[in-house]
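Each protein sequence line maps, in turn, to chains A and B. Here the first sequence stands for residues 1 to 434, numbered as in the numbering used here. Here the second sequence stands for residues 1 to 472, numbered as in the numbering used here.
Be aware that a few hints might be false.
[Unchecked claim] With a cut-off of at most 20 Å between alpha-carbon atoms, the simulated SDA-like pairs for lysine to any residue come out as follows:
1) B:K173 <-> B:Q127
2) B:K405 <-> A:D85
3) A:K54 <-> B:G73
4) A:K397 <-> A:R383
5) A:K381 <-> B:P404
6) B:K101 <-> B:G133
7) A:K54 <-> B:V440
8) A:K54 <-> B:L355
9) A:K54 <-> B:A359
[To be verified] Computed footprint of chain A on chain B, listed as stretches where at least three residues anywhere in the stretch have a Cβ under 8 Å from a Cβ of chain A:
10) 23 to 32
11) 355 to 361
[What the hints assert, rightly or not] One-sided excerpt, in silico: chain B residues whose CB lies under 10 Å from chain A:
12) A45
13) I69
14) W71
15) G73
16) I82
17) R344
18) D346
19) C350
20) I351
21) V400
22) I403
23) K405
24) N416
25) T418
Hints were generated in silico from the structure; no laboratory data involved. Fair warning: this is a prediction, and the values are worked out from it, not measured in the lab. Glycine included, each C-beta is placed from N, C-alpha and C at the ideal position.
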Amino acid sequence: MREQHPIIAERFRDLHPPFAPQAAVVEANRCLNCFDAPCTAACPTHIDVPKFIKKIASGNLNGSARTILDANVLGASCSRVCPVDVLCEGACVMNHHNEQPIEIGRLQRFAMDAFHARGGKLTKKFEGRREGKVACIGAGPASLACAAELAQQGFAVTVFERRPLPGGLNTYGVAEYKLPAWSSLREIELIEELGVEFRFGVEIDAEKLAEIERDFDFVFIGVGLGAGHGLKVPGGDHSGVVDALGFIAAYKTAKITHTAGKVAVIGAGNTAIDAANAALRLGAEEVSIVYRRKRESMSAFEFEYEHAKQEGARFLWQTMPVRVSADGGMLEFLDCTRVDDALRPVAGSEFSLACDLIITAVGQSPLVELLESLKGVALDKGRVVVEPRTGQTTNPKYFAGGDCVNGGREVVDAVADGKRAAIAMVHELEAAYV
Amino acid sequence: MSEGVSDRGPNLAVNFAGIASPNPFWLASAPPTNCGEQVMRAFDAGWGGAVWKTIGEQVTNTASRYSSIDWEGRRMMGFNNIELISDRPLEVNLREITEVKKRYPKNAVIASLMVESKREAWHRIVQQAEDAGSDGLELNFGCPHGMSERGMGSAVGQVPEYAEMITAWVKEKARTPVIVKLTPNISDIRVIARAAKRAGADAVSAINTINSITGIDLDTLTPRPNVDGKSSHGGYCGPAVKPIALNMVQQVAGDAEGALPISGIGGIATWRDAAEFFLLGCGTVQVCTAAMHYGYRIVEDMIEGLEGWMSEKGFASIEDFRGRSLPRVTEWKHLNLNYKIVARIDEAKCIGCDLCYIACWDGAHQCIHRDRISGPVDGPVELHPPPPALEAATRATIAVTPIPKLDAVSRNGSKNVTPIERIPRVDETECVGCNLCSLVCPVEECITMVEVPTGLAPETWEERTRGGVVRG
Numbered sequence: 001m002r003e004q005h006p007i008i009a010e011r012f013r014d015l016h017p018p019f020a021p022q023a024a025v026v027e028a029n030r031c032l033n034c035f036d037a038p039c040t041a042a043c044p045t046h047i048d049v050p051k052f053i054k055k056i057a058s059g060n061l062n063g064s065a066r067t068i069l070d071a072n073v074l075g076a077s078c079s080r081v082c083p084v085d086v087l088c089e090g091a092c093v094m095n096h097h098n099e100q101p102i103e104i105g106r107l108q109r110f111a112m113d114a115f116h117a118r119g120g121k122l123t124k125k126f127e128g129r130r131e132g133k134v135a136c137i138g139a140g141p142a143s144l145a146c147a148a149e150l151a152q153q154g155f156a157v158t159v160f161e162r163r164p165l166p167g168g169l170n171t172y173g174v175a176e177y178k179l180p181a182w183s184s185l186r187e188i189e190l191i192e193e194l195g196v197e198f199r200f201g202v203e204i205d206a207e208k209l210a211e212i213e214r215d216f217d218f219v220f221i222g223v224g225l226g227a228g229h230g231l232k233v234p235g236g237d238h239s240g241v242v243d244a245l246g247f248i249a250a251y252k253t254a255k256i257t258h259t260a261g262k263v264a265v266i267g268a269g270n271t272a273i274d275a276a277n278a279a280l281r282l283g284a285e286e287v288s289i290v291y292r293r294k295r296e297s298m299s300a301f302e303f304e305y306e307h308a309k310q311e312g313a314r315f316l317w318q319t320m321p322v323r324v325s326a327d328g329g330m331l332e333f334l335d336c337t338r339v340d341d342a343l344r345p346v347a348g349s350e351f352s353l354a355c356d357l358i359i360t361a362v363g364q365s366p367l368v369e370l371l372e373s374l375k376g377v378a379l380d381k382g383r384v385v386v387e388p389r390t391g392q393t394t395n396p397k398y399f400a401g402g403d404c405v406n407g408g409r410e411v412v413d414a415v416a417d418g419k420r421a422a423i424a425m426v427h428e429l430e431a432a433y434v
Numbered sequence: 001m002s003e004g005v006s007d008r009g010p011n012l013a014v015n016f017a018g019i020a021s022p023n024p025f026w027l028a029s030a031p032p033t034n035c036g037e038q039v040m041r042a043f044d045a046g047w048g049g050a051v052w053k054t055i056g057e058q059v060t061n062t063a064s065r066y067s068s069i070d071w072e073g074r075r076m077m078g079f080n081n082i083e084l085i086s087d088r089p090l091e092v093n094l095r096e097i098t099e100v101k102k103r104y105p106k107n108a109v110i111a112s113l114m115v116e117s118k119r120e121a122w123h124r125i126v127q128q129a130e131d132a133g134s135d136g137l138e139l140n141f142g143c144p145h146g147m148s149e150r151g152m153g154s155a156v157g158q159v160p161e162y163a164e165m166i167t168a169w170v171k172e173k174a175r176t177p178v179i180v181k182l183t184p185n186i187s188d189i190r191v192i193a194r195a196a197k198r199a200g201a202d203a204v205s206a207i208n209t210i211n212s213i214t215g216i217d218l219d220t221l222t223p224r225p226n227v228d229g230k231s232s233h234g235g236y237c238g239p240a241v242k243p244i245a246l247n248m249v250q251q252v253a254g255d256a257e258g259a260l261p262i263s264g265i266g267g268i269a270t271w272r273d274a275a276e277f278f279l280l281g282c283g284t285v286q287v288c289t290a291a292m293h294y295g296y297r298i299v300e301d302m303i304e305g306l307e308g309w310m311s312e313k314g315f316a317s318i319e320d321f322r323g324r325s326l327p328r329v330t331e332w333k334h335l336n337l338n339y340k341i342v343a344r345i346d347e348a349k350c351i352g353c354d355l356c357y358i359a360c361w362d363g364a365h366q367c368i369h370r371d372r373i374s375g376p377v378d379g380p381v382e383l384h385p386p387p388p389a390l391e392a393a394t395r396a397t398i399a400v401t402p403i404p405k406l407d408a409v410s411r412n413g414s415k416n417v418t419p420i421e422r423i424p425r426v427d428e429t430e431c432v433g434c435n436l437c438s439l440v441c442p443v444e445e446c447i448t449m450v451e452v453p454t455g456l457a458p459e460t461w462e463e464r465t466r467g468g469v470v471r472g
């Protein structure tokens, strides 16, 4: 995974190509350098956007990357995966000025690419080690941000991860044309170099949890969400029905490099679109996105919808699966019905959609079993309840952040959660070990 | 105002100190007028006149010769050269002047001259230039580099006695108008203009280039332009120098002892720039850097743009508006101290960059505030949170990505409306009317300076302190 499979590399080239140096400076100069800039306010990690942009303009690329990393240790992956239209670029004052907003995401990537190319390292905020140990459960963006901040502050951190590689969805779940897995892993190497200990292949059960509780001062829960909801119709358990995140992870790890025939994607969120685009790029002859509501209710961002249309996906609105028909091991049809605004089937509207693969992308369930095993940690609809400024749960030993708290937002939200929790833990550890 | 513009539009033809030219746009003595082939192409493009690259004793030039200042991605906002006078044989230049005048009799060809400070040498070059057919002579007393080390160029132009002496020598011989080119590298440019006038010069041109070191290569530590690892100060020109040139032109034009027809030079790139020089009294303008940057073709818009503006204003000729702004330049002591203006922000145009806010707090008088939500608080600075407090408050907020599924966000929300809390407010009781906010505002006409009647009669500093009691 540290190297892209040639077919994947060929078919999943950068959606937004990097800036050439002179073009970056021109774009950086276009930035007005707003005071108390709205882009900075809109960023969940409050990256000082004008500051890093003006450092690109002045030729201080190292300072630019440090400005980004000061606020967001996963600044490189965020520059590629953030939905900037609804964040920094959406807040850019140029939107009120009849001009294109500053391309903040691409400029951030420019600064971070230069940083990595130069072999830049994360810096410590506290020299030496301090007493105090924290365990992070899960190695996704929330835990990584939490671990990095604690390690930079001089504390010992151990990250426990079920999978063989760190990064969570950054490594396994983001469309390869946005963020290749190797890029995610390169960014995480810098966190490892801070002295963060990673233990992979660790399943968290009651016994493991007891051990962790005993050995660490605080525990950060950054476990994300669990399995996809699946297709709850007759035949929905057929082996030709796969989960979108599993499908994305499979091509990112080059376990599949080709998709044949017709594909139906159930759901119209951002993951559904990533899966549909991937199926098309992997060779599917037709990809239909099946969604039971109208376009206006679609949870995918507008730019993702536009992207999918350009890739060639077709959308079947107000359409609900009723049955999966198969001929033995081979899928034949996804039987569907049209539904009205109240999701009631429209009589006589049933039709059969020929398909060879069905990808479900109708959301993930919370990891209720795991979360319920945390003593004294209150949940609300499967989400961990925390104090927003500190990420502390109802059990003061536990902190939490990321998708398991917010129900599934963006990488940058997870990073902000993880960092806030780390800072809160630093204060508590400083008080505990005077 | 004029008697009106004819159907054929304004007439740009000028007679400058006896030199007729179809329009007031001349190429300055510089690389664009290096040879006859160039000058003829320039005339084809529309230039009214050309001041030939300075002729005299043939020289050898260096490589490289130019360097520039770029600004925020724009090239050559300021330009610098260490090139000397013509490095072509004198007789070739003279022969080409003759040929150009033969083919373009209506265009003005002015020979720029520079020779050693000997009467016979100046007499000889004047004779040669005039015999070749030039319509006028420009004495290069301004070149600030190289030639000045040999006692020529600005070495002459910085000493009024030398300038007067050589101008007088030239006038002994010359049958065509004599223009003295002034150097800005002097504490008072009027001193040389007066010397030129005393010696009988017909006109002056201003300004020549300004002594400069444009910059240093931070890798090699060599200043630019790099000549085999070394550099030398050069002459600075281009858009960056226009304000300096305008001031010096005004100084000369406003000085009774030195006032002569002026050919304006310095950062002129568009008809707007040219119009400003005419409004301060110039009869022609000379252009170099813009032509070096974009070629002769720029003159087309200079002509058309100026004609358009003149038609709008009802000016039939350059003379109709030449010098019109001169009476409006005065000494500070004659400015009205009772004139009060304040900044007004047009909410509908404000994009919320808040550059006016920070400029006023850090660079002016702390009277622009962000308090439209809490309600205006007028009065001294202590009543308002300082900029760092506002920034800290923003950084302390928890922002999240709006997700359609999780948040009730309006899809086509108010992306194009500036939030009220980001639209600053001017405390007019504290505003001193300095202009800074309107200068930093990126939106045209968003911040305007509005007069507030004080009810007081105009009063200048001179009038106020005439009694000698108060020194306000």
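Here is how each hint holds up against the structure:
no.: 1; hint: B:K173 <-> B:Q127; result: holds (7 Å)
no.: 2; hint: B:K405 <-> A:D85; result: holds (16 Å)
no.: 3; hint: A:K54 <-> B:G73; result: holds (13 Å)
no.: 4; hint: A:K397 <-> A:R383; result: holds (17 Å)
no.: 5; hint: A:K381 <-> B:P404; result: holds (18 Å)
no.: 6; hint: B:K101 <-> B:G133; result: holds (7 Å)
no.: 7; hint: A:K54 <-> B:V440; result: holds (17 Å)
no.: 8; hint: A:K54 <-> B:L355; result: holds (15 Å)
no.: 9; hint: A:K54 <-> B:A359; result: holds (17 Å)
no.: 10; hint: 23 to 32; result: violated (count 0)
no.: 11; hint: 355 to 361; result: holds (count 3)
no.: 12; hint: A45; result: violated (30 Å)
no.: 13; hint: I69; result: violated (15 Å)
no.: 14; hint: W71; result: holds (9 Å)
no.: 15; hint: G73; result: holds (5 Å)
no.: 16; hint: I82; result: violated (26 Å)
no.: 17; hint: R344; result: violated (19 Å)
no.: 18; hint: D346; result: violated (13 Å)
no.: 19; hint: C350; result: holds (8 Å)
no.: 20; hint: I351; result: holds (4 Å)
no.: 21; hint: V400; result: holds (5 Å)
no.: 22; hint: I403; result: holds (6 Å)
no.: 23; hint: K405; result: holds (4 Å)
no.: 24; hint: N416; result: holds (6 Å)
no.: 25; hint: T418; result: holds (5 Å)
The structure is inconsistent with the numbered hints 10, 12, 13, 16, 17 and 18, although it conforms to all the rest.
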